[in-house]
Amino acid sequence: MAEENDCLMGDVEKGEEPMVTITGGAYSGKQAAAGEAAAAEEPMKVEGAAGADACSDDLSCGEAGIDPSLLELVDEEKCRSIRKQYRQLIYNVQQNRDDIVNTSSESLTEALEEANVLFDAVSRTREAALDAQFLVLASDLGKEKAKQLNSDMSLFNQVAFCDFLLIFVGLNWMEDDGRDALSDCDDNIARSFWETVQKEATSWMLQAETFHFIFGSFKSEPSARKPRLEPRKKVNRMEENGDMPTKLRKLDLSSNQEATEKEVERILGLLQTYFRKYPDTPVSYFEFVIDPNSFSRTVENIFYVSFIIRDGFARIRLDQDRLPILEPININRVGEGNDSSSHGRKQGVISLSLQDWKNIVATFEISEAMISNSY
Amino acid sequence: MSQKPKSRGRAGTQAERGSGGEEAPSTSRGQGGAASQGGRRAEASPAPGPRSQKQLELKVAELVQFLLIKDQRKIPIRRTDILRHVVGDYKDVLPELLRRAAERLEYVFGYRLVELEPRSNTYILVNTLEPVEEDAEMRGDQGTPTTGLLMIVLGLIFMKGNSIKETEVWDFLRRLGVHPTKKHLIFGDPKKLITEDFVRQRYLEYRRIPHTDPVDYELQWGPRTSLETSKMKVLKFVAKVHNQDPKDWPAQYCEALAEEEARARPQTGGAAPTPAPSS
Numbered sequence: 001m002a003e004e005n006d007c008l009m010g011d012v013e014k015g016e017e018p019m020v021t022i023t024g025g026a027y028s029g030k031q032a033a034a035g036e037a038a039a040a041e042e043p044m045k046v047e048g049a050a051g052a053d054a055c056s057d058d059l060s061c062g063e064a065g066i067d068p069s070l071l072e073l074v075d076e077e078k079c080r081s082i083r084k085q086y087r088q089l090i091y092n093v094q095q096n097r098d099d100i101v102n103t104s105s106e107s108l109t110e111a112l113e114e115a116n117v118l119f120d121a122v123s124r125t126r127e128a129a130l131d132a133q134f135l136v137l138a139s140d141l142g143k144e145k146a147k148q149l150n151s152d153m154s155l156f157n158q159v160a161f162c163d164f165l166l167i168f169v170g171l172n173w174m175e176d177d178g179r180d181a182l183s184d185c186d187d188n189i190a191r192s193f194w195e196t197v198q199k200e201a202t203s204w205m206l207q208a209e210t211f212h213f214i215f216g217s218f219k220s221e222p223s224a225r226k227p228r229l230e231p232r233k234k235v236n237r238m239e240e241n242g243d244m245p246t247k248l249r250k251l252d253l254s255s256n257q258e259a260t261e262k263e264v265e266r267i268l269g270l271l272q273t274y275f276r277k278y279p280d281t282p283v284s285y286f287e288f289v290i291d292p293n294s295f296s297r298t299v300e301n302i303f304y305v306s307f308i309i310r311d312g313f314a315r316i317r318l319d320q321d322r323l324p325i326l327e328p329i330n331i332n333r334v335g336e337g338n339d340s341s342s343h344g345r346k347q348g349v350i351s352l353s354l355q356d357w358k359n360i361v362a363t364f365e366i367s368e369a370m371i372s373n374s375y
Numbered sequence: 001m002s003q004k005p006k007s008r009g010r011a012g013t014q015a016e017r018g019s020g021g022e023e024a025p026s027t028s029r030g031q032g033g034a035a036s037q038g039g040r041r042a043e044a045s046p047a048p049g050p051r052s053q054k055q056l057e058l059k060v061a062e063l064v065q066f067l068l069i070k071d072q073r074k075i076p077i078r079r080t081d082i083l084r085h086v087v088g089d090y091k092d093v094l095p096e097l098l099r100r101a102a103e104r105l106e107y108v109f110g111y112r113l114v115e116l117e118p119r120s121n122t123y124i125l126v127n128t129l130e131p132v133e134e135d136a137e138m139r140g141d142q143g144t145p146t147t148g149l150l151m152i153v154l155g156l157i158f159m160k161g162n163s164i165k166e167t168e169v170w171d172f173l174r175r176l177g178v179h180p181t182k183k184h185l186i187f188g189d190p191k192k193l194i195t196e197d198f199v200r201q202r203y204l205e206y207r208r209i210p211h212t213d214p215v216d217y218e219l220q221w222g223p224r225t226s227l228e229t230s231k232m233k234v235l236k237f238v239a240k241v242h243n244q245d246p247k248d249w250p251a252q253y254c255e256a257l258a259e260e261e262a263r264a265r266p267q268t269g270g271a272a273p274t275p276a277p278s279s
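First to last, the sequence lines map onto chains A and B.
Take 1 as the starting number for the first sequence in the UniProt record's numbering and just add one per residue.
Take 1 as the starting number for the second sequence in the UniProt record's numbering and just add one per residue.
Extracted from the complex, chain A is given alone in its bound form (with noise of 0.2 Å):
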């Protein structure tokens, strides 16, 4: 190609009109190249070589003045070809990689001949970078054979290895489960395979045991915290064991007195409401004050009823039956009320037994208390 860009400057310095006789020979030469690229090429070097006789004393100026778009527009075709050859080289030498390495054959051979055939055509350096592509490629390749080269020579059996490490452990009676035997059996044979291999290993080297404390290493933190837990947990049982006191406390503390008060007053609200619901009924002492259910009870409502009495809110008599009825006093009547404590006071002592209690339950038909409890 230098050599037909010379031929033509060359004829350039003979003093013809340069443009006119290089677009027509570029003319011609895409002509040309439209059909065969080949067999444009054939003329054109031809041409070239005669030409380049006459004008190599030429070559220094005639360079200088190349119009780059000439070289594209005559060798477009060529070079995608070059290329694109280029790429199926590698494509083919990258795919069979493994049969070139692996066997003895002569692929690679083959493949660095031809690509020294396209290289003869190469004149850019994008066909060039492809070529050196390939290059590396092979002699990449070339590196694994003669690794393999050397691991042929040391008839080291892989298969075989595996099969004596397990013979060596001792489960030959795996072998004939077929090869993956270990990967299927018993958590435990696995389990004591690794170990054995391990302890035999561990005698070809030479490593520095793990060290660890004894006793754990010490970490401030964790200890801080016990002597912070145990006060507290003995805090905790002090309280609890000074709760229960305290509770009972509470309860002691609870004057009978104040429960007694409390009762009264409650009674008295009781009595009042039924007076207020039935004005001017005397209620039957006993109605009132019995609980058919609770012995206990009804004699603690006598009790309550009785300071009722003694601080004149009601009045007990004896109705016309001789039984004893509760009356109210109003509260109008609490300067009479006074005037008949000041009358006088009589005394009166109620004896229930429990017999008793059951006779008046079963006369009166008291089914359920009127005196509801507090609790």
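Calculated from the structure, these hints are not laboratory results.
Quantities reported herein were computed from a predicted structural model and do not represent experimental measurements.
Derived DSBU-like pairs (lysine-lysine); straight-line CA-CA distance at most 35 Å: (1) B:233 with A:199; (2) A:84 with A:145; (3) A:143 with B:191; (4) B:74 with B:192; (5) A:145 with B:191; (6) A:145 with B:236; (7) B:233 with B:74; (8) A:145 with B:165; (9) B:183 with B:74; (10) A:147 with B:233; (11) A:145 with B:182; (12) A:199 with B:240; (13) B:183 with A:147; (14) B:236 with B:192; (15) A:143 with B:240; (16) A:145 with B:192; (17) A:143 with B:233; (18) B:183 with A:199; (19) A:199 with B:165.
Dock chain B against chain A, hints included.
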């Protein structure tokens, strides 16, 4: 002063008996120690600044503890970590501290502090005592038994010419029930173990093979392997498994012999920062 470690027995008592046994790593005894220790200290007395011997001893003790604990994971200890966590202000006497710490480790534990590669500024601990059969029972459970797997892989690599493709490794391990993608009963994630953990511990090198499609990697011995074991030992392991003589593999045997001879020659500019006893 430098005592040749006993060739047999890893029992701690033996190591201590062989050394100035009172040199405990704790710092309670700052000035105590064997007379040799005192002599050495006199030589090292020009410590810059107002640093007392007691302070230095404390630092050395801390450094020893640091190295021991850092070595648990078997990942090489970096010089920068040492500077940051232990040495701090005592940066200027770091070589001295390292030297003393290495001495302690050797005398008390039988461990050698070596630099992984020259000028790499990373250190590992190597046992100086040969392993003994009886110790294996005493050792008990030291975590997952990865050394077995490692030794198998190392054997494979060496016997196949010091380099092996990852696919070949898995073809082999599959027969032993170890799969790259399946969870293993003992090893958990074997692929991670081999291609990451062992590499991080510098037992293996894991490199990508160029121009491969699909991408493949090759495994080679790492620097730690060369320090902790040797080609001859690995060959003997393989031979023992085969129940054959190492000489049955002439190529590998020659290679292993050559390495032995190279090691026996005095090292030029030794890798260890301590005056290690010639092995």
